[in-house]
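Visitor: Mapping of the sequence shown onto this note's numbering: position 48 corresponds to residue 48, and the numbering continues sequentially without gaps.
No wet-lab data here; the hints were simulated from the structure.
Treat the hints loosely; a few may be bogus.
To be verified - In the SDA-like style, the derived pairs of lysine to any residue whose C-alpha atoms are separated by at most 20 Å in a straight line are:
1. 123 x 97
2. 123 x 135
3. 123 x 101
4. 97 x 82
5. 123 x 79
6. 123 x 37
7. 101 x 78
8. 101 x 45
9. 101 x 87
10. 123 x 43
11. 101 x 41
12. 123 x 153
13. 123 x 136
14. 97 x 42
15. 101 x 133
16. 97 x 75
17. 101 x 49
18. 97 x 87
19. 123 x 134
20. 123 x 111
21. 101 x 132
22. 123 x 105
23. 101 x 42
24. 123 x 140
25. 123 x 141
26. 123 x 75
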Amino acid sequence: MSLLQRLFGKPDRGTAPVLYAAIVARARQPHWYVEGAVPDTVDGRFDMIAVVMTLVLLRLEGEPTATLPSTQLAEVFIDDMDGQLREWGVGDIVVGKRIGKMMGMIGGRLGAYRTALEAGDLKPALVRNLYRGAAPDPAELAHVESALLELRHCLAATPVTTLLDGELPA
Numbered sequence: 001m002s003l004l005q006r007l008f009g010k011p012d013r014g015t016a017p018v019l020y021a022a023i024v025a026r027a028r029q030p031h032w033y034v035e036g037a038v039p040d041t042v043d044g045r046f047d048m049i050a051v052v053m054t055l056v057l058l059r060l061e062g063e064p065t066a067t068l069p070s071t072q073l074a075e076v077f078i079d080d081m082d083g084q085l086r087e088w089g090v091g092d093i094v095v096g097k098r099i100g101k102m103m104g105m106i107g108g109r110l111g112a113y114r115t116a117l118e119a120g121d122l123k124p125a126l127v128r129n130l131y132r133g134a135a136p137d138p139a140e141l142a143h144v145e146s147a148l149l150e151l152r153h154c155l156a157a158t159p160v161t162t163l164l165d166g167e168l169p170a
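Construct all of the structure, not just a fragment, from the sequences and the given hints.
Guide: Have a look at this one:
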């Protein structure tokens, strides 16, 4: 917890922590790592959280009532990554730089996945961002792409109010 948080308390992030917890739970489902061959490493888990969070943020884009919750969701992500880095023993000076880099990665992924979805082919963006350039077996890649497209379809059919209540579609 930062000095400002200790002095002034944690800011109210609304339901964003609940939605973030649902995103993390979805990203940790075993099928991504088994059938999809996403590396079960710190980087692989980060990348999986990033892609699921990206789909949620893309769903919330353009929704007038979702601007503040999207910001709050990003803040919860930052809080989580800050806590994770500190648990791993990363010092205060380095934490800020790493968080900045992670936020840049999220921003880059938002653009990459938005473009890939518009083009109708997630595979190149998944290989570059989720698999960090090491393409898996085509069946494994197809599994991840199919599951993410299904999630996107379910998100599109889910009312924004349901998402803002912290619920992801099953």
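Visitor: Take the hints in turn and mark each one as holding or not.
Guide: Right, here's what the structure says about each hint:
no.	hint	result
1	123 x 97	30 Å, violated
2	123 x 135	9 Å, holds
3	123 x 101	24 Å, violated
4	97 x 82	11 Å, holds
5	123 x 79	30 Å, violated
6	123 x 37	14 Å, holds
7	101 x 78	11 Å, holds
8	101 x 45	16 Å, holds
9	101 x 87	18 Å, holds
10	123 x 43	19 Å, holds
11	101 x 41	18 Å, holds
12	123 x 153	17 Å, holds
13	123 x 136	10 Å, holds
14	97 x 42	18 Å, holds
15	101 x 133	18 Å, holds
16	97 x 75	16 Å, holds
17	101 x 49	15 Å, holds
18	97 x 87	16 Å, holds
19	123 x 134	12 Å, holds
20	123 x 111	15 Å, holds
21	101 x 132	15 Å, holds
22	123 x 105	18 Å, holds
23	101 x 42	15 Å, holds
24	123 x 140	11 Å, holds
25	123 x 141	7 Å, holds
26	123 x 75	29 Å, violated
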